[in-house]
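These protein sequence lines map, in sequence, to chains U, G and Z. Sequential numbering from 1 applies to the first sequence in the numbering used here. Sequential numbering from 139 applies to the second sequence in the numbering used here. Sequential numbering from 244 applies to the third sequence in the numbering used here.
Because the hints were derived from the structure by calculation, they are not lab data. Keep in mind the model is a prediction, meaning the values are calculated, not measured. For glycine and all other residues, C-beta sits at the position ideal for the given N, C-alpha and C. A portion of the hints provided could be inaccurate.
As the list claims (entries may be wrong) - For each label pair, taking beta carbons as the anchor points, the in silico distance ranges come out as: (1) U:47 - Z:571: 29 to 37 Å; (2) Z:383 - G:233: 44 to 52 Å; (3) Z:575 - G:233: 28 to 36 Å; (4) U:16 - G:179: 25 to 33 Å.
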Amino acid sequence: MNPARKRTVRLVVALSAAVVLASALIYTSFSAASPALSPTQLVRQAQPGRSYQLTGTVVHGSVRHVGNTLDFRVADRAGGTTIPVAYTGTVPDPFREGREVIVTVDKQHGQFVGERDSLITKCPSKYKSAPAGEKQNY
Amino acid sequence: MQAVAVILAFVLLAVVLFVISGPLRARRAGDAQEQTHPSFEQAELEAAREAKYREIRDAELDLRTGKLSRADYESIDGTLRAEALKILDRLRALAGAETPETNGD
Amino acid sequence: MPVLGRICLLLALVICVYGIGASLYGARSGRVEFSDSGRRAVYALAIVLTAAFAVLEVAFLRNDFAFNTVADTSSRTTPTFYRAAAVWSSQEGSLLLWAWLLSLWSSLALFLVRKRMRDIAAYATAILLGFGAFFIALMIFYATPFATRSPAPVEGVGLDPLLRFPTMMIHPPMLYSGYTLCTIPLAFAMGALIARRVDADWIRATRRFAFAAWLFLGVGILLGARWSYAELGWGGYWGWDAVENASLMPWLTGTAFLHSLMVQEKRGMLKVWNVSLVLATGTLAIMGTFLVRSGVLNSIHAFGGATLGVPFVTLIGVLIAGSIYLVVSRREMLRSEHRLDSLLSRESIFLANNVVLVALCFVIFWGTYFPLISEALTGNEASVGPPWFDRYTVPLALVLVLLSGIGPVIAWRRATLANARRNFVAPLLSALVALVALLAAGVSHKPFALAMFCCAAFVLGAVGQEFVRGTLARRAIAGEAPPVALLALVRRNRRRYGGYIVHIGIAVLFVGVAASSSFQHAVEQRLSPGSSSRVGAYTLRYVRPTATVTPKNDAAHTGSTLSLGAVVDVSKHGHHVATLRPSEGFYDSGEPAQGTVGHLIGGQAVSHISMSAGPTRDVWTAIAPDISAPALARIVTIGNRTLPADEAVVALGFLARAYLKNPPPAQFHFIVSPLVMWIWLGGLIVFGGGLIAIWPAPSAVRRRVAMRSRARSAHGLARA
Chain U
1 MNPARKRTVR LVVALSAAVV LASALIYTSF SAASPALSPT QLVRQAQPGR
51 SYQLTGTVVH GSVRHVGNTL DFRVADRAGG TTIPVAYTGT VPDPFREGRE
101 VIVTVDKQHG QFVGERDSLI TKCPSKYKSA PAGEKQNY
Chain G
139 MQAVAVILAF VLLAVVLFVI SGPLRARRAG DAQEQTHPSF EQAELEAARE
189 AKYREIRDAE LDLRTGKLSR ADYESIDGTL RAEALKILDR LRALAGAETP
239 ETNGD
Chain Z
244 MPVLGRICLL LALVICVYGI GASLYGARSG RVEFSDSGRR AVYALAIVLT
294 AAFAVLEVAF LRNDFAFNTV ADTSSRTTPT FYRAAAVWSS QEGSLLLWAW
344 LLSLWSSLAL FLVRKRMRDI AAYATAILLG FGAFFIALMI FYATPFATRS
394 PAPVEGVGLD PLLRFPTMMI HPPMLYSGYT LCTIPLAFAM GALIARRVDA
444 DWIRATRRFA FAAWLFLGVG ILLGARWSYA ELGWGGYWGW DAVENASLMP
494 WLTGTAFLHS LMVQEKRGML KVWNVSLVLA TGTLAIMGTF LVRSGVLNSI
544 HAFGGATLGV PFVTLIGVLI AGSIYLVVSR REMLRSEHRL DSLLSRESIF
594 LANNVVLVAL CFVIFWGTYF PLISEALTGN EASVGPPWFD RYTVPLALVL
644 VLLSGIGPVI AWRRATLANA RRNFVAPLLS ALVALVALLA AGVSHKPFAL
694 AMFCCAAFVL GAVGQEFVRG TLARRAIAGE APPVALLALV RRNRRRYGGY
744 IVHIGIAVLF VGVAASSSFQ HAVEQRLSPG SSSRVGAYTL RYVRPTATVT
794 PKNDAAHTGS TLSLGAVVDV SKHGHHVATL RPSEGFYDSG EPAQGTVGHL
844 IGGQAVSHIS MSAGPTRDVW TAIAPDISAP ALARIVTIGN RTLPADEAVV
894 ALGFLARAYL KNPPPAQFHF IVSPLVMWIW LGGLIVFGGG LIAIWPAPSA
944 VRRRVAMRSR ARSAHGLARA
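Given these sequences and hints, build the entire structure.
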């Protein structure tokens, strides 16, 4: 095989490998991703065994510590449906009733269980961030 | 407070105009700066020359640290030197009568 | 004074517009005085923006609450240091910081090339001023730092307690310097493409700017990771958060560029690849800046209003379209001069390294923007979490580290196969020894960590061998003593050996990452005083509670009202190791509806972690005390009813005493992570090595070397 042909072959092989890997990546991202849903949507769509990103507001008066678990209810931003969540793991500093949160939940035995360390709280003020104890970056 | 602010604003404006108009005023005064600066091609060749010297030294270091056999080194070194000479020739031609050595780095 | 600030911004915009015009006119017409005037417009911009920044800074220091941004982010009680840094904690202030840093770095870059690359520099000036104009226009029309309200409030809201950490204050300027420095190589690349001169001269100039960007960005990223780990109540240094990823992506492409640039320099290859990398780096930096302040990925940070999204998307669109157009229209001139001589060459390893780095960048890009992508494609917004990122980045990182050990062993151009085989013996032996030692120590259940340790050993073996061989070679020539020879070797071959040191740093860093993620022990437990937790080999005992009424004892200037914590005793095998004092600071919420006492502790709570850092492990502790326990809640209720606002502070003392007397069980988070310190150490080594690599050799050395090379070239002519 002359050098030019060798080079073309190498290029084709490399590109094919890249395409295959990229496809694998893209495919798994769709299947591994958790859709972001509000309580209303979650109540309708939740299937056991899949994880979802629940977004909403923490209902006033619903926060309770039971042993190592934090129980609270999440309501739609506009009010309405509320969902009880049992969460274990790091509770970010800004977590408070009335604040917007995002928590990854699974439906287990009819109950919504928060995944460990997945709770993120948004800060109400416009530019100040409220990471889930995660890095703050400008 | 307002007065101070306005005065400062004017000072700033004056500084800005002075800085920006510098080259335009100098030009009108007949300052011919550019001739002393190297042409594009000369800068290009000088950069290429530096890079080529570095390659020659890299090849030698590769030999001394055992990455190249003597035979391979001689071959690579010869190629690099030939390429370096081509660059030096072009520089010499560019500079006319002056030799590259006296031009300095 | 706000008037002065606004005038400065307007003046700055005018300067930008003039500068763009003058530079372009000077470039097209060849009239040097106009290009020079355009360059000076950048200097003038720096002067004006410095003035604007000074106005804002002074307003903060003087507590001038007429300024909206001062009133929103500072207060009389905010300590001076934080007041000075609060300037960039707001949207508007941070835009000003970005524009200011852009003007400073651009001025420096253009000053350094003022005598060369006239045509390229002129176009680059126009582009940089274009960026400046964009940010200044944003400030003038969307988010001005100089907005005022009247009457001016008497007291400000104060700095968000989460930001009251020294590291957090240095991190934005470092990171912004990194981002703005990324735009400079982009501008020069575009300039070079427009002027059709993408050659050795361009390489020489761009390398320096690209390296500066790489350095500052890298330091900014590490500082952020360190801040996250040492200050936040989460205990991790990297969470694949969108904003973290946004800063990492340009750094990855920047690293790829620094390598592939050398290939272009030596072989005249990869020109299209290189300009694309540079343009991508700059564009990713702008995208990173945009991500953080547009609220577009709302699952992570809630920054800024949606108003800034549209201008940024437009800018990014223009950058991408412009880049593609330039590269395609100049593709003739970007053809490779040569091909790879051999697959067994350092050039080809660099190519592999580039592929891996770009693959990493692609993975991170996909994962970070996935919510947008999935929404566009399926209508549902979905996001991927850290496990997905880890699945793809860990193997890629392994390959990267391995390559960083292979590269030093292979010669440029065309390595001799026999020699290469011989040279791999020592590194492979190191890896093998490491493997055996680790397996013997029982480290077999974490294959990826094991693989990383072996790869790191491989790198250390390879680089160590290089230093030894180089020193011996130098001794053979100059007969110096080993330490002197080593120093001379590095001094005379900075790029090579500086680069080797960088690779050592990377290996050390990844060892730290692998160890701390795979072998971490974490426990979350509710403890009462006297009880303890077992965390790995350590026992952590809750000795007694602590309570401080902070207005009296605020040495760290946290600004909290009440601080509740614990004394934790750390021991291993019965021996005392450390005493840690984690605490949680409670803040005033400023909401009277919570009651006169209630609002004092009703605001955001901030965790102050306590950590014992060591070369082999970090012991990290955080506490979440139960402030709503019945005994404390009772005091708050009584205080709300009986105490007027100005006397409510007294209740804090009661709360503290009650907490100390009858402490309710508190939630503790304990983490023991091995080798975390190696991450920071590795980072320092990386940047130290980078500085050595980029440090210009003293001109005397250069002349001597050049002359000797020339003499030998003449010899070569005789031989040829």
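What are the numbers of the hints the structure violates, in ascending order? 1, 4
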